[in-house]
Amino acid sequence: MNIELFITFMKIGGFTLGGGPAMVPMMEQEIVNKHHWLSKEEFLDIYAVSQATPGIFAVDMASHIGYKLGGIRSGIYASLGVVLPSIVIILLIAIIFSHFRENHWVEAFFMGVRPAVVALLAVPVFSMAKSAKISWHNCWIPILSCFLIWICGVSPAIIILIACLGGYLYGKYKLKKQ
Amino acid sequence: MILLRLFLVFSYIGLFNFGGGYAMLSFIQQEIVEKRGWVSDSEFTDIVAISQTTPGPIGINCATYVGYTAVVNDPEIQSLSAPYAIHICGIIGSVLASVSVLWLPFIVMILVSKLILRYKESTVLKSIFGGLRPAIIGLLATASLSLLNVANFGSPSADTKHFIVSIAIAIVVFIGTYLKKFNILYTTIICGVIGILIYG
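Chains as they are written, first to last, in our numbering: chain A, 1183 to 1360; chain B, 27 to 226.
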């Protein structure tokens, strides 16, 4: 069971491009439809929990599915399975690339890629702003948190704690007013 | 010792990382590049490019690569004279970084998964996320703003051609990916080929 779980998650980790969210359809295919390890509802519950807990989304999903199927040990097998392809592929690239980084053509390639990376990092800011329903009423929160992290060097962890606390207090205050 | 520091910083990043891979890139950029300088700006940008175009979770790809680079850059490690010692330390660093980022969320997941399911529809959880989500969008923005620099775009006065080409690439890629859903892998390769044609 654990070995099967490990191999299944290794396949999911090794064959999906585009990070965690891109893995969800393949996970559902493997876990729910093919192996029948979980029902669709159980899978959706795990999806909700993984979004609400810290950590890397795909690994949260894997560890939670493993944990649900066979306890802590299976959770560890599933998480290691999903990250193993990443670690191996990146290590190979890192070791090879460290010999070629000074190469003229490699440097030219990355001079073209770097501005694209900055633009690619800006895209999720706007697409997530849409799905998080940012409006004129709450747009000060992302602006202020960005300013504090970028200009004042405040740690993102502190911003995250304050934001959770602020949301909690605001919810309480709204409830009282009603 | 760099390995111990790496373990502590990545455990901290893992514990406070809500909001997926891109939020984690911002977090790593703030803690490792800006604050501690273990990895340079252009190294980090290259790492992000590679993390986005290889399979697997982006956060793990990035943590693995940053772990390797931070150890290899460390002066204490560079002074080692044994053959392959630097690479071996780098490999240890990369595995350590990715495991460090995982272990605390794993414990949190086991402890709170039942609680979260029970309170999934509760107003408390909803209002906490009402504050958290907008703040994470601010965190996401810091990564691209911090990387909008001379190392990645070239200096407007000293290297005008590089600067203008970079701005053009950034604008086209942003519009193409945001509005036309360009594929990230192909976009990265095409920009690299443009780089070879112009600067090669």
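Worth double-checking, as some hints may not be accurate.
[Stated by the list, open to error] Distance ranges between label pairs, derived from CB positions:
| # | chain 1 | residue 1 | chain 2 | residue 2 | range |
| --- | --- | --- | --- | --- | --- |
| 1 | A | Phe-1282 | B | Tyr-145 | 16 to 24 Å |
| 2 | A | Ser-1313 | B | Leu-174 | 33 to 41 Å |
| 3 | B | Lys-187 | A | Trp-1318 | 38 to 46 Å |
| 4 | A | Ser-1313 | B | Asn-209 | 18 to 26 Å |
| 5 | A | Phe-1282 | B | Leu-174 | 22 to 30 Å |
| 6 | A | Ser-1317 | B | Ile-224 | 51 to 59 Å |
| 7 | B | Arg-144 | A | Leu-1347 | 45 to 53 Å |
| 8 | A | Lys-1315 | B | Leu-30 | 21 to 29 Å |
| 9 | A | Asn-1285 | B | Gly-63 | 21 to 29 Å |
| 10 | B | Glu-102 | A | Tyr-1355 | 47 to 55 Å |
| 11 | A | Phe-1282 | B | Val-176 | 19 to 27 Å |
| 12 | A | Phe-1282 | B | Gly-63 | 33 to 41 Å |
[To be verified] So these bits of chain B aren't anywhere near chain A, every CB distance computed over 12 Å:
| # | residue |
| --- | --- |
| 13 | Met-27 |
| 14 | Leu-29 |
| 15 | Leu-30 |
| 16 | Phe-33 |
| 17 | Gly-47 |
| 18 | Ile-84 |
| 19 | Glu-102 |
| 20 | Leu-106 |
| 21 | Pro-109 |
| 22 | Ser-153 |
| 23 | Asn-175 |
| 24 | Ser-183 |
| 25 | Gly-202 |
[Stated by the list, open to error] Calculated Cβ distances over 10 Å to all of chain B for the following chain A residues:
| # | residue |
| --- | --- |
| 26 | Ile-1228 |
| 27 | Asp-1242 |
| 28 | Gly-1252 |
| 29 | Ser-1268 |
| 30 | Glu-1284 |
| 31 | His-1286 |
| 32 | Arg-1296 |
| 33 | Ser-1309 |
| 34 | Leu-1326 |
| 35 | Tyr-1350 |
The hints are simulated quantities; they were obtained by calculation from the structure and are not laboratory data. C-beta atoms are modelled at their ideal positions from N, C-alpha and C, and glycine is treated no differently.
Evaluation of the provided hints:
For A/Phe-1282 and B/Tyr-145, the Cβ-Cβ distance of about 51 Å falls outside the hinted range of 16 to 24 Å, so the restraint is violated. Between A/Ser-1313 and B/Leu-174 the CB atoms are about 24 Å apart, so this pair departs from the stated range of 33 to 41 Å. Between B/Lys-187 and A/Trp-1318 the C-beta distance comes to about 41 Å, which sits within the given range of 38 to 46 Å. Judged by the Cβ atoms, the range 18 to 26 Å given for A/Ser-1313 and B/Asn-209 holds: they are separated by roughly 21 Å.
Hint check: A/Phe-1282 to B/Leu-174, Cβ distance near 26 Å, so the stated range 22 to 30 Å holds. Against the hinted window of 51 to 59 Å, the Cβ-Cβ separation of A/Ser-1317 and B/Ile-224 comes to about 42 Å, which falls outside the hint. In this structure the supplied range 45 to 53 Å is violated for B/Arg-144 paired with A/Leu-1347, their Cβ-Cβ distance being about 21 Å. For the hinted restraint 21 to 29 Å between A/Lys-1315 and B/Leu-30, the CB-CB distance of approximately 42 Å leaves it violated.
Separated by about 25 Å at the C-beta atoms, A/Asn-1285 and B/Gly-63 satisfy the suggested range of 21 to 29 Å. For B/Glu-102 and A/Tyr-1355, the hinted distance range of 47 to 55 Å is satisfied, since their beta carbons lie about 51 Å from each other. Separation of A/Phe-1282 from B/Val-176 is about 23 Å and conforms to the stated range, judged on CB atoms against 19 to 27 Å. Remark: the range hint 33 to 41 Å for A/Phe-1282 to B/Gly-63 is contradicted by a beta-carbon distance near 24 Å.
At the 12 Å boundary, the C-beta of B/Met-27 stays outside the reach of chain A, the nearest C-beta of that chain being 21 Å off. Taking the minimum C-beta to C-beta distance to chain A, about 16 Å, the non-interface status of B/Leu-29 holds against the 12 Å cut. Separation of B/Leu-30 from chain A is adequate, the least Cβ-Cβ distance of about 19 Å exceeding the 12 Å criterion. Taking the minimum C-beta to C-beta distance to chain A, about 16 Å, the non-interface status of B/Phe-33 holds against the 12 Å cut.
A Cβ of chain A approaches the Cβ of B/Gly-47 within 12 Å, the least distance being about 5 Å, so the stated non-interface status is violated. The claim that B/Ile-84 lies off the interface is violated: its Cβ sits roughly 4 Å from the closest Cβ of chain A, which falls inside the 12 Å cut-off. Interface exclusion of B/Glu-102 from chain A stands, the closest Cβ pair being 18 Å apart, more than 12 Å. For B/Leu-106, the condition that its CB be more than 12 Å from all CB atoms of chain A holds, with the nearest at approximately 15 Å.
At roughly 14 Å, the least C-beta separation between B/Pro-109 and chain A is larger than 12 Å, which holds for a residue marked as non-interface. Distance to chain A contradicts B/Ser-153 as a non-interface residue, since its nearest Cβ pair spans about 2 Å, not more than 12 Å. Its beta-carbon lying about 9 Å from the closest one in chain A, B/Asn-175 breaks the requirement of being farther than 12 Å from that chain. Under the 12 Å C-beta cut-off, the non-interface status given to B/Ser-183 relative to chain A holds; the minimum distance is some 18 Å.
With a least CB separation of 9 Å from chain A, B/Gly-202 falls inside the 12 Å interface cut-off, contrary to its annotation. A beta-carbon of chain B comes within 10 Å of the beta-carbon of A/Ile-1228; the shortest separation is about 8 Å. Consistency note on A/Asp-1242: stated as away from chain B, yet its beta-carbon is not over 10 Å from all of that chain's, at 6 Å minimum. With a cut of 10 Å on Cβ distances, A/Gly-1252 stays outside the contact zone with chain B, its closest approach being about 13 Å.
With a minimum CB-CB distance of about 3 Å to chain B, A/Ser-1268 fails to clear the 10 Å threshold, and the non-interface call is violated. For A/Glu-1284, the condition that its CB be more than 10 Å from all CB atoms of chain B holds, with the nearest at approximately 13 Å. Distance check on A/His-1286: its Cβ comes as close as 7 Å (rounded) to a Cβ of chain B, failing to clear the 10 Å threshold; non-interface status is violated. Remark: the non-interface label on A/Arg-1296 conflicts with the geometry, its nearest Cβ contact in chain B lying 4 Å away (cut-off 10 Å).
Non-interface status of A/Ser-1309 relative to chain B is broken: a Cβ of that chain comes within 10 Å, the nearest being about 7 Å off. The claim that A/Leu-1326 is not at the interface with chain B is violated, since a C-beta of that chain comes within 10 Å of its own (minimum 7 Å). Consistency note on A/Tyr-1350: stated as away from chain B, yet its beta-carbon is not over 10 Å from all of that chain's, at 5 Å minimum.
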